[in-house]
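Those sequence lines, one after another, are chains A and B.
Going by the numbering used here, the first sequence opens with residue 1, and the numbers climb by one from there.
Going by the numbering used here, the second sequence opens with residue 10001, and the numbers climb by one from there.
Check the hints yourself; a few may be wrong.
Which residues of chain A face chain B? A few of them, derived with a C-beta cut under 8 Å, are [to be verified]: (1) 165; (2) 212; (3) 631; (4) 817.
Some chain B residues near chain A, calculated using beta-carbon distances under 7 Å [as the list claims (entries may be wrong)]: (5) 10006; (6) 10013; (7) 10043; (8) 10047; (9) 10106; (10) 10109; (11) 10111; (12) 10113; (13) 10134; (14) 10135; (15) 10140; (16) 10148; (17) 10158; (18) 10178; (19) 10179; (20) 10184.
Because the hints were derived from the structure by calculation, they are not lab data.
Every residue gets a Cβ at the ideal spot worked out from N, C-alpha and C, and that includes glycine.
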Amino acid sequence: MPARFRLTEGGRIDRSKPISFTFNGKVYQGFEGDTLASALLANGVHLVGRSFKYHRPRGIMSAGAEEANALIQVGEGARTDPNLRATQIELVDGLKAASQNCWPSVEFDVSIVNNIASRLIPSGFYYKTFMWPASLWMTYEKIIRNAAGLGKAPEGPDPDSYDKTFAHCDVLVVGAGPTGLAAALSAGRSGARVILSEQDATLGGSLLSEPDLQIDGQPALEWVAAARAELEGLDNVRILTRTQTYGYFDHNFIGLMENLTDHLPQSAKPPKLPRHRLWKLRAKQVVIATGAIERPLVFSDNDRPGIMLASACRTYLNRFGVKPGSKAVVFTNNDGAYAAALDMHKAGIQIAAIVDLRAYAEGPLTEQARDAGLRILDGHAITATAGDKRVKAVQVTRLSDDGESAKAVGEHIECDLVAVSGGWNPTVHLHSQSRGKILFDETYACFVPGDSAQASTTAGACSGSFGLGACLSQGHDAGLAAAKAAGVKSRKKGSAPQAEDPNAPGGADRDFLPARWLWLVPGDKPLGHGGKHFVDVQNDVTAADLHLALREGYRSIEHVKRYTTTGMGTDQGKTSNVNAIAIVSQYFGCPIPDVGVTTFRPPYTPVTFGVFAGRDIGDLLDPARKTPMHALHEHAGATFEDVGQWKRPWYFPHEGEDMHQAVNREVRACRESLGVMDASTLGKIDIQGKDAAEFLNRVYTNAWLKLKVGACRYGLMLGENGMVMDDGVTSRLGENHFLMTTTSGNAAPVLAHLEEYLQTEWPELEVYLTSVTEQFATVSIAGPNARKLLAELTDDIDLSAEAFPFMTWRNGRVAGIPARVFRISFTGDLSYEINVPASYGAALWQAVMTTGEKYAITPYGTEAMHVLRAEKGFIIVGQDTDGSVTPIDLGMDWIVSKTKDFVGRRSLYRSDMDKPDRKQLVGLLTDAPDTVLPEGAQLVEKIESGPTMAMVGHVTSSYHSPNCERSIAMALIKGGRARMGQKLYSPQADGKVITCSVSDVVFYDKEGERTRG
Amino acid sequence: MVEAYLRQSPLSQLALPSRAADETGDAGVSMAERPFRRIVNLRGNPKSEAFVSAAKSVLGAELPLAPNSAAAGKDATLLWLGPDEWWAVSEDETPPLADKLRDALSGQHASVTDVGEGYSCIAVSGPNAIDTLAKGCTLDFHDSVFAPGSCAQSDMAKAAVVFHRLEDETPSFEIYVRSSFAEYLWRWIEDAAGEYGVAVTG
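One chain only, chain B, in its complex shape (with noise of 0.2 Å):
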């Protein structure tokens, strides 16, 4: 096992540990990092049968099929990426899936790539999240459009990023985005926030 003090998020740079609250207070929105969450992607054909029960054996739950709509796997979260396209999320401590599914998927038409080292997820919640999300993002977030839930793949300012809405009662928002961009989104959204007021979470 490599050791894991070795390894750095995107965003470690910006020292947010540092800033982190125990308390948001009256902040309108609180950010976070969500570092090192493994990110399977995952491709091949809603119509196969032979595919859809080969990855539910190993995710545990049917892959998502309505768009950008997500789905609670076993020990990963399932997002709707396209039409024959899904990321299987899943935090760092609980063991791989991509060999796992490559294993169950040999033979078929399908791929299965590692890709979450590429990625940083920026936690967004609060009730002023929406307001916050809407200044870089064309999407309607509206409840009545964008249910928690819900996922799509979109534009964050100039970031190309992939939103997931949590179930949660506060808007409350996941947002991935290639790593390189990682510390311009940050900033952005947070100075995007500064009216509301930001908290920085662990």
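Looking at chain A on its own, in the form it has when it is part of the complex (with noise of 0.2 Å):
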């Protein structure tokens, strides 16, 4: 069965293809073309909201993205979307969708008292009211959270996914109204790369709801089809409907969002197609060609569902087959809404009465009404409305001379619809967020745009002339000026689209005056005493809402937007911003551009979270770096640790071990017969140049030009503050080639820092430098056995402590694979760093593990690494360094030379330097050796009763040694090195109190003789 308000024919719907949804529980039907609010409008359903405050019944106001009443949840559990606009929502299969913001239904809303209690929430009224007594706030806050807000979050992770794409293109068009079309056509023709976007599902803008326009000879559609046709043949110029372009930022860098599975029955949705894309967009040019928005009038009571904008009652006739009402009221003031009574009464809708608020009508659209016999009511206003859940009566009245008053008791109008115009603003919204001026129009009474700040342009009724004629010739020429600007060589140029409207000769050129601009009608009773004169529907803010703020107060129109939040909300005042710039400047008494306007701020409509997100979500959030031998890490059950972007093996836990039990096997494994580790991930940098020696030496804190070929350095590099940066082993490969490793996590930044200094400090320097830290995998041996497991895997090296000391390298063949193997130690032990192609990593792993059975060879982490190094005292840089540490805090002066230049060097020569209290790196061996000090405790003197106590360090490194057999720990603390064998105490979180005292913060093997043997 058809729906009753549906036109049996007309519109731009496919009546072959019904469609049926949901609202609010109940079954509708409408048909392909429709929109949520169309189909509803056909079901004779106007109230579908409550507003944000009152909670007063709300219907539909619009036909686009200006509806600040329809706003709808769609979808549920955790596929919904709160806040979608009714007037934009395709209609698809299945739709299911809700009204928000009430409860228990739309229908009967207990909140509605608050409508009753209005005199009691004014404007401000949580500034006033909740802010005493403060401590209250907390319980305020629960109540008022739980009663504001619009719609509900998902219940559960997003199951669509988002997408999201860099664009390039000479002209961005933005609108495929006339304007967008025409721009679009020349730019497209010039050759130009031409990004057309288009809010709506489909092209044509404003053409979508006129009936009888002509263009270039024939009907406006079918000019815009072939327009369509000729755009898609160029294959210089892309398309992107139901695409909001939402923000203008800098450089000509736009936002848009595409639309690209909603409109699709779920069951219909390619699966690998993503919901939405997020286009980032650089335009040499840009045309703004986005139209304008009609602007409602603030009348009495003006927000009931049936009262409407007049152009989107033709939106719903021409565009959707839809009769918005049966009975009429048309309240205006200017001649362009005429446009609607003629329509709606040819489509047998009976006008009530057009209510003029001109003291005489006049104009094209008006003759037209007047020959055909509607009844006109100028001078006059609607004063008062009825109905609860949809208008039901007008009152109107002759207005005052001055417009100020309304006279007397005037007549009773019994209509279900009120098609209201106040004129019409551009939708200056991008040129302003592009920081382009706006000027006030005073003969259209509305912004329009000024100078661009920017590589853009306005045209058509977005730049203020709202005749289609001027909108295509603006469109056209601002097309080709685009192309132009972007530096494109035009190939052919053809001609400005002609329109013009058979009804009346040069009627597409007319607009939409003459009007009067009478910006607060009045009502049957004084301002804020009974009725409300609503500006802001989205928010219920009134004009005695916004006379109060003035009353107050207040003045920049910024404040009075915040105090009464007019225009805030998702429609960021689309329909109200202007009438409440002018209803301010009228309480002032002051011209309108003298208030000035609140900021256009992007997004033009809400973007959806999850383009933000695209596909960097989950596994793809981050690169995970994974070294050559990774899947055997994986297979061997490794737990993995995050260093920087690289996984590194934290601990092999054997079936029913804990992290503990893994890391004290490994860690004793190291000392008592052979350990093995991935040490891949270490920074490798490769310098090569006559002058690399040099290089080294000024950029480490120790002596490097006498390192002989084959030899090995540890090396400590500093920042120009003389604070710890970087440190690692650098090997001297040639007499002008060596390389350097740098901690894993640091890689980047040290090559940075070194090309910084040899780019712009000496370039006197011949120095190459050369990033090879994946050219090599790393497997590092360390224990007493090491020596003999390289030996049965090399026949190449001669590993004796002669031929092959403490802190030299040599080339062979190791397990067959050309190596380079380094003797250097991390662990304190006897080591063996054995560096191979990338691509034999797996390979020597797997060999290394093998041959080393018999050692009963241990695969051990990073944990365990650390405990090793550690009972070592040896350094972690960023762990036992914050970068506010210097080698002398570190105790290692030993490596800072007292003869030559290094970068950081006149830092350490600084009186604060001296301070006898900085802080030290120590040792702390804790009273009770199982007790292991918390990484990041504090450190005290003595205890004190109250919670501020002076704190004279903190610990950086602390473990359980299964060496040691005790835990140990190092700590950074005030003069430490002065205080051996003093008692400190941490206290924790729980009250308890660690007691322990400062020691030297090497462990084990002091002398250092098994890294030697």
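Dock chain one against chain two, each of which comes alone in its own frame, and use the hints as you go.
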């Protein structure tokens, strides 16, 4: 059965494709081409929501992005979106939509009591009421949070996928109405790379709502279809429909959100097609052709369901074949709204009256209405409305000559629809976001774009030109100019499309004037004493609220906005801002431009959070860097630790072991027999050039010129400020060739640091740096049996202590693979680091593991490595240092040259560096050997009663050491080295106190015999 | 000679050969790993006649001097990476170039470093290859800006890469990425290309 208010013919819907959907639990029918709003209206449903503050019944007020009332929750469970505009939701089979902001139902909402009590909830209510006593705010807040907010959040993780992409074009045309189409055609024909974006599912813009206009001798929509076909045939033009250009940022960077699947039933969505796509676009030129939005009138109780914009009535009739009512009153201040009256009259809607604020109604459309015999009440106003869930009558009263008041008792006119027009506002949002100027146009009483701040132009209604002919020619010119400005040499020109109105010669060029600007329509009672003149329906802000704010002393429109919340919320005041500004200007008796405008903020309409994340979620949130041996570690059951983006084995638990047990076993194995670890992540920088040694001499604190080829040396690198930045072993591969290693997490910053010095400070040095971190896989073996194992794997390297001493390297073959073996140690035990080409890393690891079985070879992870090095008092940059620690603080004076210059040297001689109370690295031994201090724990000299105690330092590293058979810790303590043996205390969060004493930082094998053996 | 079977490419864990199709069908994007490429990183002063001619004597072609351009050498593809930095990329079976370059450049201010072991190469081609790359990189890959024969260092998703657009009618790119990022990047690109249909090729 066709819906009651659907016309039998006409409109851009497909009557052969019925669609069934659910609204508030009830099933309705619509057609393909409908929006949720048009389908609801076709079914006679006007009441769709409750207002934000007063919970007043609200209906559909518009047919586009400006909708402030009909905010809908679509979907359920995890797949749900709040605050969607019913006017922009394409109808799709199985759509489940529901009203928001009402409980238990939209028909009966208990919070309507707020409406009755509205005198008690003036503007600034929260600020005034909930501030005292401050201690109660937490209680208030819970109640407010419950009552406030629009819509519901999804109940689970979003099951849909989202996409984002960068894009580039010569010319972006925003809006595919007549202006935008003409611009895209002229720019596209000239050969420019064009993107045409349109928020609607289909092209045409305002033409979709025009029944009679002709362009280039054909019906307007046929011209649109031809334009689309031509544009689609150009491979330099991309058309993005269902795409909201939501933000205009610096340097012609534009944000667009494309909706790819919401209009498809769940079953018809291609499984790999993302739901929404974010376009991060750089356009050389932008043509803003975003049209205009009709402005409502501010009159008493102007918010009832059934009161909507006159242009919306035309759209529902002409585009969707829907009668928005049966008996209409048109309420206008201009000639343009008469088009709605004429269209409705033609469609069989009874026009009860046209109430016109103008003292004398005139204009081309007005005359047509007069000729059609429609009843025009000029010099009149609607001073009151009646009807709860739908408007049912209006009170029409003659205005005083000045329009400030209404005379005597008026006429009661029954109706179920009020079509309102207060003029038009160009959609200047993008222009304003781009920091373009906004000017007030006295003729049309609206804000129009002034000078552009970026490479953009506005054209058509968006620039304040309301006639179709002007839109087409401006669009055409803007497209051509933009292509030229983008540097495109035009292939062909073409001419601007020509418009005509067959019903009225010259009518294609008409605008909506003449008009009378009466910003606040008087009611039958004084303002604020019964009847609400809504300015902002989404935020329930009335003219009385604005007046109250002004009476209370607010002056700046930005303050008035924040205090009253007018123009805020999801619609950002698309229909309310200009009325609010005008009412403020009237109150002060100053011109509108003096009041100014509030900031137009992106996004134009809300953007789904999902598109900002795109596919960078879950596993793809951040790269997981893996070494060539990673799969083997996984196979061995390793638990991984994140080191920067690297995944490093943390420990390798055996069945039934916890972390503590596994780490103890690994640590013991390295001291007792043989451990093996994957050290491939260490940063490696290849340094070549005749000045390579000199370069190292300058960037490290110690001396490098005399290092022999074949030898290695530990180096400490400082920043300009003298603070430790990185450390590592560097080897001399040739006279002019070195290989530097850096800490795993610091490889890139160190390379950048070195390049900066090379390029900016010492360009005279002949040195080239190349990152080779990943060229090699590194297997580190450690323990008393390390030499024996290596001997079994190589036959061309003499491993004797004399031939291959500590801190040297040798080339050879290990397990048949060409290798460079370094005899260096971070564990303090006999240790070799074997480097092979990365693609052989897994093979080497397997060979080492197999050959090492007889020594019970034990793979160990970063945790065991940390314990082993802490037993030896070796620092980890970034753990035992924090950017405020010098080598002297670390007790590493031995590595700081007194005889040469190096980066950071001068900073070490600042007076502050000599202070005896600088934090110094020392060891800590707890009185109870089994107690392990938490890392980061603060230390004090004595326990006070209160919570503030003088802190003398903190723990940087702390472990249980199986080799020392007790806990060990490293700490930065004020004047630490002078405190040897002193007792310090560490108060814990649970109230317990750990007592410890200051010790030397080397806990194991203080003579270092194991390393050198 | 070391046994080749001991080698593993960075993407070996993805078992790509088992997914490889002979025909790409209507897939908008084809992807493949190009394992074990030799890459020699070459640094030197292009204004030095000695440097340029020594490089040419080994490479069999002039080093490309135009920013972000590639050139074909005798055994290697030459990629411009910076005003004083190039890559010479060759297949595994070709004779190694590094030692020859080192010999030719000895005594000069230049550096020659093997880096191929540290990189993986992912080939991305097909009608939607550019759409796919655009999702992860701010560069404009349009023909008018990034014509066949172009190369560039940039980021793809969150990995630093070198792009090389091949001389091919179908948009075809080779993306060099450090091996540790290869699995991440492969999965990212395959996911990004999903809507166009992906074929893994050998």
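Kindly indicate which numbered hints from before are broken by the structure, ordering the numbers from low to high.
-> 2, 8, 9 and 16
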